[in-house]
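Asker: The primary structure of each chain is shown beneath.
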Amino acid sequence: MTRKQRRLYFVLLGMLALGAAVALVLTAISDSLVYFYSPTDIVTQRIPEGRRMRIGGLVEADSVKKDGKTVTFTVTDVTNALPVVYSGILPDLFREGQGVVVEGRMDKGVFAATEVLAKHDENYMPKEVADALKKSGQWNDGKSK
Amino acid sequence: MIAEIGHFALVLALCVAMVQATVPLIGAARGRASWMAVAGAASALQFLFIAVAFAALTNAFVTSDFSVMNVAQNSHTDKPLLYKVAGVWGNHEGSLLLWITILALFGFAVTLFGGNLPPGLKARALAVQAMIAVGFLLFILLTSNPFARVEPPPFNGSGLNPMLQDPGLAFHPPMLYLGYVGFSMAFSFAIAALLEGRVDAAWARWVRPWTLAAWVFLTGGIILGSWWAYYTLGWGGWWYWDPVENASFMPWLAGTALLHSAVVVEKRDALKSWTILLAIVAFGLSLLGTFLVRSGVLTSVHAFATDPARGVFILLLLVLAVGGSFALYAVRAPAMKMGGLFSPISREGSLLLNNVLMATGAATVLLGTLYPLIADALNLGKVSVGPPFFNAVFLPLMAPMVVVMAIGPMMAWKRGDLPGVLSRLKFVGAAALGVAMLVWFLQGGSSGPWWTGAGFALAVWLGLGTLVDLADRTRLIQAPAEAWGRAARLPRSFWGMVLAHLGVAVFIVGLTASSAWTTEHIQTQKIGETVMVGGFGVTLKSVDEVPGPNYTASRGSFEISRGGTVIDVMQPEKRTYRQPPRPTTTAAIRSGFLGDLYVVIGDPDPGKGGHVTRLYFNPCIPWLWAGALLLVIGGLISLADRRHRVGAPTRAGAVRGAKA
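Chains as they are written, first to last, in my numbering: chain X, 1 to 145; chain D, 1001 to 1660.
The shape of chain D in the complex, shown without the other chains:
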């Protein structure tokens, strides 16, 4: 019965969304306030209905209602409660329901927080938001009904894929979706602005915090997924340039570019049509990501069992949404004139350069991701495009961007003083060169890869460059006594920028060191045998069978010693689940400032005795997580900037007054 209520609520939500997609739009075109006001109530109602549906599915999972097919196929009474709840989105239908729930939540948020938005813009944006909802609700109801029943109901379910039975499932997909779907806000407002034919500073101020929020979630979601893969797949890697990873990375790149170009719209009233384009592209890439994951057209670790009808439907949605917006863009964008002058040597000039490089980077990732599909369609043979391609193409494009990242924030708006900025950075440049040479020397010259020095130099350049900018603005050297007071008065968005850019610098250190200097030892280890890894002695002490809630694990106990003294015991597991009966690997990781010791236990070796073990020393891996954390914290601090709240919805003229 509850499942039917959920299904019915989805149908009601579809009806409401259809009203919300049309009436406010007509109202906005004819200037009827009452028609436009429909959008607010409709978005609340739509959210309510979808929340009911989501609650109904969650209820079915928690109570293990196996008469619902989705539950029967993906759950089991044995499962801990956490995975019963998280299992709601651990499957195709449920993950789409989560997608649409978040979409409705964002729509409702516009109504909630957009009290002083211009009514026309708000009505149009909500209508566009509802159009997306209509598409996805139709998709769920027609091809992927999560509430379908099964007759007769089985006694127990077939269980959740053990690979997904990890706390990561509770956080990674919702975070990622909050990011993906969050870009729908920028998209809706971009389309609304195209319909209105007006983009101004107020528009940018409204779009910026939403884009920033989506970006924070997406950053968090991507890095959580990466971390999950790192500790659960047992390969010691954290990024594989897998199509689905790329699918989340492309919107991130476009979103990062959008974040920066929206600043230019707000401050300089320039790059307007470019920003609109980025907003469309960021959400288009989110949709493409959904398509790639859900349709299974690409071989990937994420693909669920495939159904061609679903792929075609999402492709249709994608074509309609992206094609429609591009057509609208082509018609309306030329009308948008930028105000004032635009000099290449200025803050906005460097932001533009950053944007162009980001967009080009995203385009190459897109090409690499879709190339296997293109080649297959053109009968060029079956190919896969792996890490070598992306590393050779994407990273060289990002290197100049990092160089500009240190220079840009030091430039003034309108007219920057490039020689002046460079002279402020000359010690930073010297330090970067010094570090590059030091790294080269420490790794023993050309016995390591040539690019390690470059990676570290970029990290030092960006990190120190950002700190020099901070020191200059607080006059730390000239008047250290007042520096603290000055620092406290700097706007939060500036602090957000500083932290995020430092985060990138820290991330580059982790990226470079972990790609270049990982050591891997695979061997058969007998009980009592010691292997030296990264300066640690790793001794296998015992392997025991340990019961878990719905699995049994063979747990290896490894004694870790350094310089002869035992400092730790690490216990990696190989688990075998009861339902479905399948093994998974849980690596044991000991993190330190310099890197991770990573221990995986494999199958016993019947011939010689002992177990196959895989031991890694992964240098600077924690730096990756720390860098990503800095990005997220920077984003959150910037989000808390009072300008985003106070001045946001007011139109031009009034903005200056609100600032004071």
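Same shape as in the complex, but just chain X:
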């Protein structure tokens, strides 16, 4: 193999791997991207039901109702609120008045959550939630507590 052929081989190999990766990424990305919305987005924009998404905001006080393994609660960005239903054990840091991010689908006006995201730190506000709260004018200077 001459130097030129060798270089050609390296370049082709790299292109092949990269091409495969690009093809895989393009086929996967449209199905697996999960968009984030605030309750206001859900109410004001027409977002198709059945698409996987995340919503975030604060868990409204006195909204958590447990019935066996089924939990219902309301996620709010203060301007608008959205009822959520979830089946399972809530993460340890889930609490009323705290920020939360839930993943799932809209189903007849109710958000059916498949996942409620856990956080390591209670002072920590998910960035998306902070931004959503800022947008609705309900943000107190980064000190969420």
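Read the hints as simulated data drawn from the structure, not as lab findings. Model, not experiment: these values are computed from the prediction. By construction, the Cβ of each residue, glycine as well, lies at the ideal position given by its N, Cα and C atoms. Careful: at least some of the hints might be erroneous.
Said to hold, decoys possible - DSS-like mimics (lysine-lysine), calculated; alpha carbons at most 25 Å apart, straight line:
1) X:65 to D:1608
2) D:1267 to D:1426
3) X:69 to D:1526
4) D:1526 to X:66
5) X:4 to D:1337
Stated by the list, open to error - Simulated restraints, written as ranges between beta carbons of each label pair:
6) X:16 to D:1158: 49 to 57 Å
7) D:1633 to X:14: 30 to 38 Å
8) D:1005 to X:11: 55 to 63 Å
9) D:1149 to X:14: 31 to 39 Å
10) D:1158 to X:65: 46 to 54 Å
11) D:1535 to X:78: 34 to 42 Å
12) X:10 to D:1149: 26 to 34 Å
13) X:10 to D:1642: 29 to 37 Å
14) D:1423 to X:10: 40 to 48 Å
15) D:1154 to X:14: 51 to 59 Å
16) X:10 to D:1377: 31 to 39 Å
17) X:10 to D:1085: 21 to 29 Å
18) D:1480 to X:11: 29 to 37 Å
Model the placement of chain D on the given structure of chain X, informed by the hints.
Answerer: Structure of chain D alone, referenced to chain X:
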């Protein structure tokens, strides 16, 4: 007072690091031996000062000195001693101090063990190491001083996040950092080699063991973190493709590629500039990982409270380090000529293929991890990229790599005999196909996912293929009597490779089975009620309040029965800590060869009575840990190979003599 000594020691360390970053470099450029020799003393002094600072912070935590803000915010007198010590790095400032301590330790190790390194290379590498130290010391001193005081001191601290009060905290971060920072060695030597304009077999022999050591630690650190998440989060999962998990996984991929390409540099004097590039990328990704974790730009379970100034500083460091090295690389790398021929069908050819796939895999993980940031910056909306993306993109790229992994080691250097190798592997291929069909049949055809058969086939192909190679080399079939003697004479690096590749095969079994066949049961269970999970009967017997050192736990007692006879009692807990008052989950896990029974107790259900419980049967989870353990053991055995010690620092020509 001790805290001030710690702070002062950090400032001194910064001064020493500044000297170490400049004087030896100038010395190396002008060929002055005495200037170059400064590096050795400086690295020892720098390590000493940083160790003093680390000891000072540890002292503040152990004695609960709440006049130090960091201690007041993250500790409490109630805490067991283990978590007072481990709590040193359970927060932003302390974890950075640990980072820099390990960096200084590695720098000192070069001085200690690099006695017969070429002086120019050693001086330059230590200078680069010191530049990294300067950056991080400045970062600590300017934005994250762990020794800041608080006036007046509180009577007690606010406590350590209960989630972190686990033995995992004592081992996971230090191991992970030893891995992250360990790649700084390969990086420093890569930059030094670029400055020198020379990369040869001796360079690779010196870099290989350090990369291997870092890789062993990183592997251990990642899997420990994964195990910790598995038993503590109560979700029954062990990997979430969380940004921070990816942040540790990307350097691992680049490091694994580097490990393999360094072999090619050593044996064949080829792929030199590629190896240098990988060394830069591996450490660059480690820095990126530090940035992602420390800046909180991504929503992740690991992010501490965020401070924009810190994020900007690390980003600046990242840009300087990576940008600077890439610029240097662009200027100097073209000068590096590879020697000899290079055939695609050969050992080095298959190693290259492995490298390309690994690098592509790392690139897709990088894209998926950073995509939310890119989309946000371009106003494409707020998105998150979750497991479906990574599973659909990363795993298909790794499948061909596993196929090549069985073939590569059987190929000869320079010119491999692909048809010959394939004919040696034909029974392995048949076995893999057979297992795939068996798995398909056992799971009831298409009632399970389609890829389970493929996963098991890959595991069998790699595992058996590796064993066939071992059997051939020891002539186990032809001359079984002498096989043992032959096996003992095989180099340790070969045994390391065999164990690590077997580890990957075992890991794939765990990965496939646990992703495909996990069963989950969530329900309200009354006392005395039995739920069947994975062939086990799980009966809730009682729930009791149990006091712990700084928490109270409601502990469920579950009787486990199989075929009507009681075989075990499992006791998961839900703990509520006193300071800070927060609940955590401790799952009870009963591991077996076929899988884990995983029991979590939740809140009581006031309406109907009983408790919410979450029961899983996770097939083959122990295989994951076993596979990772094999990887680590393989790495350690390879590290013990005498060639790494004997022949390491000698330049070309002399190498052959040292081998004998």
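Asker: None of the hints should be skipped; say for each whether it holds.
Answerer: Results for each hint:
no.: 1; hint: X:65 to D:1608; verdict: holds, 13 Å
no.: 2; hint: D:1267 to D:1426; verdict: violated, 29 Å
no.: 3; hint: X:69 to D:1526; verdict: holds, 13 Å
no.: 4; hint: D:1526 to X:66; verdict: holds, 16 Å
no.: 5; hint: X:4 to D:1337; verdict: holds, 13 Å
no.: 6; hint: X:16 to D:1158: 49 to 57 Å; verdict: holds, 55 Å
no.: 7; hint: D:1633 to X:14: 30 to 38 Å; verdict: holds, 33 Å
no.: 8; hint: D:1005 to X:11: 55 to 63 Å; verdict: holds, 57 Å
no.: 9; hint: D:1149 to X:14: 31 to 39 Å; verdict: violated, 54 Å
no.: 10; hint: D:1158 to X:65: 46 to 54 Å; verdict: violated, 32 Å
no.: 11; hint: D:1535 to X:78: 34 to 42 Å; verdict: violated, 49 Å
no.: 12; hint: X:10 to D:1149: 26 to 34 Å; verdict: violated, 57 Å
no.: 13; hint: X:10 to D:1642: 29 to 37 Å; verdict: holds, 34 Å
no.: 14; hint: D:1423 to X:10: 40 to 48 Å; verdict: violated, 28 Å
no.: 15; hint: D:1154 to X:14: 51 to 59 Å; verdict: holds, 58 Å
no.: 16; hint: X:10 to D:1377: 31 to 39 Å; verdict: holds, 33 Å
no.: 17; hint: X:10 to D:1085: 21 to 29 Å; verdict: violated, 50 Å
no.: 18; hint: D:1480 to X:11: 29 to 37 Å; verdict: violated, 47 Å
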